[in-house]
Amino acid sequence: MALIHVPRPENAWNPNRPVNALLKSQIVHLYEAELKLPLRLQTDIYINAIKTEGEAADYVRQVTEAIGAAHQAATAKRARSRVRRTSKVGTKKKSPSKPRRRRG
Amino acid sequence: MPPGLDNLRHIVVLMMENRSFDHMLGSLTAVNPQIDGVTNQFSNPDTTSALVKPQALAEFQGQLDPDPDHHFPAVDLQIFGGDTSPNRVANMQGFVKSYFNQQKDVGHSQKIMYYFAQNQLPVLTTLALEFAVFNRWFASIPGPTICNRAFAHYGTSFGRVDMNLLYVNEPFKSIYDRLINATPKHTSKLYYYDTASSTMEITNLLQNQPELFGTYQQFLDDCRTGNLPDYSFVEPNYSDHDSDDGEEVASDQHPDHNVQAGEVFIASVYKAIKQNASLWQSTALLVVYDEHGGIYDHVAPPACTPDQFQASPNDTGTGMPFAFDRLGVRVPAILISPWIPKGTIVNRVFDHASIPGTVTKFLLGDYSPRSPRETSADVFIEPNVAPVDPARNLLSLDTMRTDCPDFDV
Chain A
1 MALIHVPRPE NAWNPNRPVN ALLKSQIVHL YEAELKLPLR LQTDIYINAI KTEGEAADYV
61 RQVTEAIGAA HQAATAKRAR SRVRRTSKVG TKKKSPSKPR RRRG
Chain B
1 MPPGLDNLRH IVVLMMENRS FDHMLGSLTA VNPQIDGVTN QFSNPDTTSA LVKPQALAEF
61 QGQLDPDPDH HFPAVDLQIF GGDTSPNRVA NMQGFVKSYF NQQKDVGHSQ KIMYYFAQNQ
121 LPVLTTLALE FAVFNRWFAS IPGPTICNRA FAHYGTSFGR VDMNLLYVNE PFKSIYDRLI
181 NATPKHTSKL YYYDTASSTM EITNLLQNQP ELFGTYQQFL DDCRTGNLPD YSFVEPNYSD
241 HDSDDGEEVA SDQHPDHNVQ AGEVFIASVY KAIKQNASLW QSTALLVVYD EHGGIYDHVA
301 PPACTPDQFQ ASPNDTGTGM PFAFDRLGVR VPAILISPWI PKGTIVNRVF DHASIPGTVT
361 KFLLGDYSPR SPRETSADVF IEPNVAPVDP ARNLLSLDTM RTDCPDFDV
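Residue numbers (the working numbering), protein chains in the order written: chain A, 1 to 104; chain B, 1 to 409.
Rather than coming from a laboratory, the hints here were simulated on the basis of the structure. Misleading hints may appear alongside valid ones.
[Claimed, not checked] Using 30 Å as the maximum straight-line C-alpha spacing, the simulated DSSO-like pairs for lysine-lysine come out as follows:
id : chain 1 : residue 1 : chain 2 : residue 2
1  : A       : 36        : A       : 51
2  : B       : 361       : A       : 51
3  : B       : 274       : B       : 342
4  : B       : 173       : A       : 24
5  : A       : 24        : A       : 36
6  : B       : 104       : B       : 185
7  : B       : 271       : B       : 185
8  : B       : 271       : B       : 361
9  : B       : 342       : B       : 361
10 : A       : 24        : B       : 342
11 : B       : 361       : B       : 185
12 : A       : 51        : A       : 24
13 : A       : 24        : B       : 97
14 : B       : 173       : B       : 53
15 : B       : 97        : B       : 185
16 : A       : 77        : B       : 53
17 : B       : 173       : B       : 185
18 : A       : 51        : B       : 97
19 : B       : 53        : B       : 185
20 : A       : 77        : B       : 173
21 : B       : 173       : B       : 104
22 : B       : 173       : A       : 36
23 : B       : 97        : B       : 173
Using the sequences and the hints, build the whole thing.
Here is the structure:
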């Protein structure tokens, strides 16, 4: 079968397009998630002031990446505490053994 | 056992946004009358009582602005034409009236009847003609995006008919949880386009199980390296934004986003699978739209098994409760595999609850609990257990096709 040509859109990119109802809804859902993040990972973006697709995308990106970062930090912390526990067990000093008495 | 089912290892679902069947594929009736698209028999009255017929005048962008209303009350008007009596019958006569309500402009309201000519959509129409096109795939709810997409992940929207779905303590597990916790374990991933587009409808999963998610670039890499999971769900790009790669154009086809950008995206997903020969022979790709976006379709949505939830008159905004006992407006849906005969047309009824229903039955065999809507939804891939009904099996060829189309993306 012949290769089918797929036309590309021209001049379609417009990050200043007003944000649609769907993106507004996505922002509200992500905001709910953002409130559960550690404070240091929260954005300082006021979501009611997001007016354009470009602004919406910036907020969506920041929260999505922050969620990933929060989980990575928790995983790393979990791994560190596991290593500490293991290493404590591994390096536990042996109590000095009593000198053996020689028989005989 | 049919070799298409024996070879099947991966199911991929690509869900696009807000276009009706007639709007995108209606032109194909002229090519094959078995495809239930647009004819000149159909019309809708405008507010001057003039009859407006569907016309092949749809444009890629700039035409459906403002975004046609597709919330529950507006879709109720579109389906029932404004009849609110107890014994009303769906007549699909309220689309122009509904769009008129937004701008009070008679001329503009008529554009809701426009559809694309076949040659405007070379990707979607080629795939529909080459593989299996569904004449009766409906949105799950006569309402907006989020609650409809919920059916694709959970087989229900937990009683919601709106966009405010936050999934707290819900009684049914997502298809992804079912798969990754199964014995034996299955693999599953949701690929959003990039972090600036993210997931549209399942932030609940993202915040608790980010390991379930990947980007579209990862999808491309997983296809290339043969690491695609057993089940993948792909989301398009929902916004125009900047990225390290430059300008990203929204590819979801949600009005007023560019429809050609969506065509390129669909072709790119198809190509990524087809380029890996081993993946191509072992994958079925479903391209489907979440809901009709307020755009005209002529097929009245049928009644369905009620869900166990009910939306109150307050929630529906129509003054009437909704028992989830009627499907939403018809949407485009195409199943793609080299084991499907060219020109297959499916007339059975499906909705998005068929997605977790099919994946569950094919990969897990059985699973409980699932919603009444999901357990009663038809499956588009038959479970690979004897006996397989040949009349229902879409992946029915004895040998794989070698004449499948390619796109220059």
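*Decide if the proposed pair is consistent with the structure: residue 24 of chain A and residue 36 of chain A, CA atoms, cutoff 30 Å inclusive.*
Distance ~19 Å between residue 24 of chain A and residue 36 of chain A Cα, so the pair holds.
*Given the hinted pair residue 24 of chain A and residue 97 of chain B, is their alpha-carbon gap at most 30 Å?*
This hinted pair holds, its Cα atoms lying about 26 Å apart.
*Take the C-alpha atoms of residue 53 of chain B and residue 185 of chain B, compute the straight-line distance between them, and say whether it is at most 30 Å.*
Roughly 52 Å between the alpha carbons, so the hint for residue 53 of chain B and residue 185 of chain B is violated.
_Given the hinted pair residue 173 of chain B and residue 53 of chain B, is their Cα-Cα distance within 30 Å?_
violated (44 Å)
*Decide if the proposed pair is consistent with the structure: residue 361 of chain B and residue 185 of chain B, CA atoms, cutoff 30 Å inclusive.*
holds (15 Å)
_What's the verdict on residue 24 of chain A and residue 342 of chain B, does the C-alpha distance respect the 30 Å limit or exceed it?_
violated (41 Å)
_Please verify whether residue 77 of chain A and residue 173 of chain B have alpha carbons no more than 30 Å apart._
holds (29 Å)
*Take a quick look at whether residue 173 of chain B and residue 185 of chain B sit within 30 Å of each other, Cα to Cα.*
holds (16 Å)
*Given the hint that residue 104 of chain B pairs with residue 185 of chain B, does the C-alpha gap stay at or below 30 Å?*
violated (55 Å)
*Between residue 361 of chain B and residue 51 of chain A, is the straight-line Cα distance small enough, at 30 Å or below?*
Violated: residue 361 of chain B and residue 51 of chain A sit about 43 Å apart, past 30 Å.
_residue 51 of chain A paired with residue 97 of chain B [C-alpha distance capped at 30 Å]_ = Cα-Cα ~29 Å, so holds.
*Hint consistency between residue 342 of chain B and residue 361 of chain B [alpha-carbon to alpha-carbon, up to 30 Å]*: holds (25 Å)
Hints 2, 6, 10, 14, 15, 16, 19, 21, 23, counting from the list given before, are not met by this structure.
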